[in-house]
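A.B. asks: Next come the chains, spelled out residue by residue.
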Amino acid sequence: MPQAQSTPPESITPVAPRKGVHLEINGEAFLHTGDADMPLLWYLRDNLHLTGCKYGCDDGQCGACTVLVDGRRALACQTPMHKLEGHRVTTVEGLSGKDGKLHPLQQAWIDEDAIVCGYCQPGWLMAAADLLARKPDPTDADIDHLPNLCRCGSQPRVRAAIKRAAAAMHKEASR
Amino acid sequence: MSATLRLSRRRFLKIMAGGAGALIVGVGTLREARADEPLALLGDQYTQLGPYLRIERSGRTVIGARDPDGGVGTHTALARIIADELDGDWSQVVVLGLGPEVTRANNVVHWRYGHQRSGNATSIPAAWADLRQAGALARWLLLQTAARRSGVAAGRLTCHDGAVITPDGRRYTYGELAGDAAKQAPPSVPPPLKTPDRYTLVGHGAGDVDARDMVQGFTHFAIDEYPAEALVAVVTHCPWPDGKLASIDTREALKVAGVKQVLQLHPDANQPPGHTPIAAGVAVLATNTWAALQGQRKLRLTWKPGAHAKASTSALLDEANQLLASQAEPTHRVRADGDIDTAEKHARRHVEATYTQPFTAHATPEPINCVVHLDADHATLIVPTQAPQQALALVQRLTGLSPSQIDIQVPRFGGGFGRRAEHDFVAEAVLLAKAAGKPVKLMWTRADGLAHDYYRPLAVHHLKASLDRHGHVTGWRQRRASPSALAGRNTPADALWTSEASPNALPGGLIDNFQSDWYALGSALPCGPMRAGSDVTNAFAVEAFIDEIAKAVRRDPLDLRHELLGKPRQLPLPDGGTLDIRRLLGVLDLAAARIDWKHVRRNGNGLGIACHASHGGYCAHAFEVSTRNGKLIIHRIVCAIDVGRIVNPTGLEAQAMGGTLFGVGTALGQAITLKDGQVQQHDFTGYPLARMAQLPHAVEVYAVPSDAPPGGASPVAVPSAAPALANAVFAATTVRIRNLPLLPELMQLL
Numbered sequence: 734m735p736q737a738q739s740t741p742p743e744s745i746t747p748v749a750p751r752k753g754v755h756l757e758i759n760g761e762a763f764l765h766t767g768d769a770d771m772p773l774l775w776y777l778r779d780n781l782h783l784t785g786c787k788y789g790c791d792d793g794q795c796g797a798c799t800v801l802v803d804g805r806r807a808l809a810c811q812t813p814m815h816k817l818e819g820h821r822v823t824t825v826e827g828l829s830g831k832d833g834k835l836h837p838l839q840q841a842w843i844d845e846d847a848i849v850c851g852y853c854q855p856g857w858l859m860a861a862a863d864l865l866a867r868k869p870d871p872t873d874a875d876i877d878h879l880p881n882l883c884r885c886g887s888q889p890r891v892r893a894a895i896k897r898a899a900a901a902m903h904k905e906a907s908r
Numbered sequence: 056m057s058a059t060l061r062l063s064r065r066r067f068l069k070i071m072a073g074g075a076g077a078l079i080v081g082v083g084t085l086r087e088a089r090a091d092e093p094l095a096l097l098g099d100q101y102t103q104l105g106p107y108l109r110i111e112r113s114g115r116t117v118i119g120a121r122d123p124d125g126g127v128g129t130h131t132a133l134a135r136i137i138a139d140e141l142d143g144d145w146s147q148v149v150v151l152g153l154g155p156e157v158t159r160a161n162n163v164v165h166w167r168y169g170h171q172r173s174g175n176a177t178s179i180p181a182a183w184a185d186l187r188q189a190g191a192l193a194r195w196l197l198l199q200t201a202a203r204r205s206g207v208a209a210g211r212l213t214c215h216d217g218a219v220i221t222p223d224g225r226r227y228t229y230g231e232l233a234g235d236a237a238k239q240a241p242p243s244v245p246p247p248l249k250t251p252d253r254y255t256l257v258g259h260g261a262g263d264v265d266a267r268d269m270v271q272g273f274t275h276f277a278i279d280e281y282p283a284e285a286l287v288a289v290v291t292h293c294p295w296p297d298g299k300l301a302s303i304d305t306r307e308a309l310k311v312a313g314v315k316q317v318l319q320l321h322p323d324a325n326q327p328p329g330h331t332p333i334a335a336g337v338a339v340l341a342t343n344t345w346a347a348l349q350g351q352r353k354l355r356l357t358w359k360p361g362a363h364a365k366a367s368t369s370a371l372l373d374e375a376n377q378l379l380a381s382q383a384e385p386t387h388r389v390r391a392d393g394d395i396d397t398a399e400k401h402a403r404r405h406v407e408a409t410y411t412q413p414f415t416a417h418a419t420p421e422p423i424n425c426v427v428h429l430d431a432d433h434a435t436l437i438v439p440t441q442a443p444q445q446a447l448a449l450v451q452r453l454t455g456l457s458p459s460q461i462d463i464q465v466p467r468f469g470g471g472f473g474r475r476a477e478h479d480f481v482a483e484a485v486l487l488a489k490a491a492g493k494p495v496k497l498m499w500t501r502a503d504g505l506a507h508d509y510y511r512p513l514a515v516h517h518l519k520a521s522l523d524r525h526g527h528v529t530g531w532r533q534r535r536a537s538p539s540a541l542a543g544r545n546t547p548a549d550a551l552w553t554s555e556a557s558p559n560a561l562p563g564g565l566i567d568n569f570q571s572d573w574y575a576l577g578s579a580l581p582c583g584p585m586r587a588g589s590d591v592t593n594a595f596a597v598e599a600f601i602d603e604i605a606k607a608v609r610r611d612p613l614d615l616r617h618e619l620l621g622k623p624r625q626l627p628l629p630d631g632g633t634l635d636i637r638r639l640l641g642v643l644d645l646a647a648a649r650i651d652w653k654h655v656r657r658n659g660n661g662l663g664i665a666c667h668a669s670h671g672g673y674c675a676h677a678f679e680v681s682t683r684n685g686k687l688i689i690h691r692i693v694c695a696i697d698v699g700r701i702v703n704p705t706g707l708e709a710q711a712m713g714g715t716l717f718g719v720g721t722a723l724g725q726a727i728t729l730k731d732g733q734v735q736q737h738d739f740t741g742y743p744l745a746r747m748a749q750l751p752h753a754v755e756v757y758a759v760p761s762d763a764p765p766g767g768a769s770p771v772a773v774p775s776a777a778p779a780l781a782n783a784v785f786a787a788t789t790v791r792i793r794n795l796p797l798l799p800e801l802m803q804l805l
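Going down the list, the protein sequences come from chains L and V. Quick note, the first sequence lines up with residues 734 to 908 if you use our numbering. Quick note, the second sequence lines up with residues 56 to 805 if you use our numbering.
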């Protein structure tokens, strides 16, 4: 019968840190140990069930999977996991505050009823969040440059919602 | 505890006490599980049905919305129709989408919820006809309960915002009353419905009930479901719609980690489109989506074409033009009034034009998908469908289960436009789940969805107007060549025309000598319903042609439309109904006024106008456009719409705006073309959706107030948008667009 070790070993060989991609999503740390070529889209949806990030096309044309990486707009379907080591991802689920308070964009979307079918709206919201972070006073031309697609014709209300949110954020800031 | 209230020989309401003192009220206009039988034929077969409404102790009011919502606003509108009669507190309302359910009475199966279909403007009229009863009955029961508790006669009590109020100001909330109300005996006669002056929700705007969840990414579309144990199945379809698999090598695909099986799908030749896989296919089933997509890429497949190996849209257009140029008898004479031959012979002059419009695809925002879980004695499906009852019937056929063993959940879905009235993808998912012996989540890629669809048929119109020496239209000959959207669907050959033309369509009935003919084209592509159907292609030809006539006789296009439409009146239609010319003139004049039609633009901008009546509604569009540096700029769009009483003005505006831009986006750039039997569009470069920069900053929607019974809205604003745009382009550029899509044509002609 082996004797219980009464003294600690003289040295401990540290276990190699688990290989994988370390990233932060909506303020929480994650480690992805699977296929490093997998696009962020499927990591968010299939692994984390953060399904606000939508699949809409095969090649980055529709914008339904728009998220923020380090605060800037990125297409989750075009972003392989290995590019995200040490980066910060924000999805539509992370747009509102920790206290559950809606982001001014989300509130503006509700106030303008800019939903219609709703499928592409998370992507628009994230693209708009990026726009407002860069340009707190977006012009119509700035909004025109948003590359997202919508089949239902929500664009006029989306435009109005972005302007409404910009105004609300100014009001908030000047408080 | 339950009681049945006899409302009429055909309609019953049932009241049940739910758990924890809740009041549950259902209502139904049920019909047998036979798809197209008119309600009136069923007589006493109606029976009763499950809950639409539940009031909990807390006051929370759960309302079931029976018609699916893929962006048409039924969840909100139907709930408000019920909640208004209830005098409920809207802030306490939670809406649940209802799947199809059956109930059995005297061994006959009935649909529990009555009407359950969305997208063809029938949800609101059906709801208005029977859902108000559900709210009214619940309100009556709550009132009786409050009367007993307060000692005040029910007639002296009032209901407001989810509470009953006594004349001396005592307040009983619905939540407190609900438990006893559920035990209350039902009335011997149906409780009266509100008079319109007492509506508190109907006619007042409300945002989408699902908006708060939507903007946080919480709404679960079917594609967002990840059921335990389910395999993700990604299908590759044969590039020839009627082709077959020639060879398959799955070795590399099966090496992908997570890929479990590769299965083949074969359409059942005995089943009509929408009831069987749309084409031969190969499905890769994997434990996750990424693995399935990689496996799909690694499949080595070769296909062989079917009968249409050489089919092309250019050949089809040639065939159409030859047919229309020939003196061939039409496949169907849709309408013939007066004597068109004589009118043409005696005419001082003629105006003629040919309009060519392509096949178009639905391109639903949410890709095609379906979740299926099969057990020996039960099936659970999550289906993005516009027609849940049809989906259930299909699952019944494929599984052999009885309807009560089939649970179909219908979540919010990302756009339907008619595509989700077809259930080919449900058949695929069920077949795969059966073969795999596991739950399956079927998903198509965007590429596959664009290239495999039930397209809106391509259409070529030849129009010829006869004019007298005063420039008045004395004759109108309209000939349309198109594949039928009903082809291959067990539709009798002599009814195939009904999807392509209507004898009710204007200017039929407005011109003494009028003839409308349809020529059938064969199609290698499957066709089917798409938002507003052939009204879209017909309205484009007719409304653009009226502009061409106006130009030829130097008339103002608006004045000419006035002359054609004539006095406000009820125009008798061949089908026995009437068309209200007053309402059509109303929207036409409203659109003209709002765009300031009489004000001649001198800055190079052009104005265009068009109007159309369809699906029980009336709509007119006015556009202001210009071209600068070879680019088309749409400055303004005015949409005037009359769908009768407006249930939800906010929702109606969304449908008018959305319908307009659906029409505009489709007309601007979208075409499905066929070469060597294969669809050539596989992405949004080939099939471009309108971009923000191409659209005006607003669609100015003006809804006409009306006391007419409320109608649906989703298709109504589509047809007149494209012709108004093309007419405005002509006014701005003198380039007449006769071929769609518009942008490539304009760039070529400018």
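Hints should not be assumed to be uniformly reliable.
As the list claims (entries may be wrong) - Below, in silico cross-link-like pairs of lysine-lysine (DSSO-like), each with a Cα-Cα straight-line distance of 27 Å or less:
no.: 1; chain 1: L; residue 1: K752; chain 2: V; residue 2: K315
no.: 2; chain 1: V; residue 1: K730; chain 2: L; residue 2: K816
no.: 3; chain 1: L; residue 1: K896; chain 2: L; residue 2: K834
no.: 4; chain 1: V; residue 1: K519; chain 2: V; residue 2: K400
no.: 5; chain 1: V; residue 1: K299; chain 2: V; residue 2: K365
no.: 6; chain 1: V; residue 1: K353; chain 2: V; residue 2: K299
no.: 7; chain 1: V; residue 1: K315; chain 2: V; residue 2: K519
no.: 8; chain 1: V; residue 1: K310; chain 2: V; residue 2: K353
no.: 9; chain 1: V; residue 1: K653; chain 2: V; residue 2: K606
no.: 10; chain 1: V; residue 1: K653; chain 2: V; residue 2: K359
no.: 11; chain 1: L; residue 1: K896; chain 2: V; residue 2: K606
no.: 12; chain 1: V; residue 1: K653; chain 2: V; residue 2: K686
no.: 13; chain 1: L; residue 1: K816; chain 2: V; residue 2: K310
no.: 14; chain 1: V; residue 1: K686; chain 2: V; residue 2: K606
no.: 15; chain 1: L; residue 1: K752; chain 2: V; residue 2: K489
As the list claims (entries may be wrong) - Partial list, computed: chain L residues near chain V (C-beta under 8 Å):
no.: 16; residue: G760
no.: 17; residue: G785
no.: 18; residue: S829
Since the hints were made in silico from the structure, they are not lab data. Heads up, the beta-carbon is just placed ideally off N, CA and C, and yes, glycines get one too.
A.B. asks: Run the distance test for K686 (chain V) versus K606 (chain V): straight-line Cα separation, threshold 27 Å.
C.D. replies: 24 Å, holds
A.B. asks: Does K686 (chain V) lie within 27 Å of K653 (chain V) when you go C-alpha to C-alpha?
C.D. replies: Satisfied, since the Cα-Cα distance of roughly 26 Å is no more than 27 Å.
A.B. asks: Does G785 (chain L) pass the interface hint, meaning its C-beta sits closer than 8 Å to a C-beta of chain V?
C.D. replies: Check passed: Cβ of G785 (chain L) comes within 2 Å of chain V, closer than 8 Å.
A.B. asks: Hey, K752 (chain L) versus K489 (chain V), does the alpha-carbon distance stay inside 27 Å?
C.D. replies: At roughly 39 Å apart (the allowed maximum being 27 Å), K489 (chain V) and K752 (chain L) break the hint.
A.B. asks: Verify the proposed pairing of K653 (chain V) with K359 (chain V), using a straight-line Cα cut of 27 Å.
C.D. replies: The hint is violated at about 59 Å.
A.B. asks: Going straight from one Cα to the other, do K730 (chain V) and K816 (chain L) come out at no more than 27 Å?
C.D. replies: 40 Å, violated
A.B. asks: Can you confirm whether the C-alpha distance between K896 (chain L) and K834 (chain L) stays at or below 27 Å?
C.D. replies: Roughly 19 Å separates the two Cα atoms, so the pair holds.
A.B. asks: Does the structure keep K519 (chain V) and K400 (chain V) at a Cα separation of 27 Å or less?
C.D. replies: 12 Å, holds
A.B. asks: Do the numbers back the hint for G760 (chain L), that is, is its least Cβ distance to chain V under 8 Å?
C.D. replies: Hint on G760 (chain L): violated, closest Cβ of chain V at ~15 Å, above 8 Å.
A.B. asks: Does the alpha-carbon distance linking K310 (chain V) and K353 (chain V) stay inside the 27 Å limit?
C.D. replies: Between K310 (chain V) and K353 (chain V) the Cα gap is close to 9 Å, so the pair holds against 27 Å.
A.B. asks: Starting from K896 (chain L), check that the Cα of K606 (chain V) is at most 27 Å away, please.
C.D. replies: Distance ~41 Å between K896 (chain L) and K606 (chain V) Cα, so the pair is violated.
A.B. asks: Restraint: S829 (chain L) near chain V, CB-CB cut 8 Å. Satisfied or not?
C.D. replies: Constraint on S829 (chain L) satisfied, holds at 6 Å.
The structure is inconsistent with the numbered hints 2, 7, 10, 11, 15 and 16, although it conforms to all the rest.
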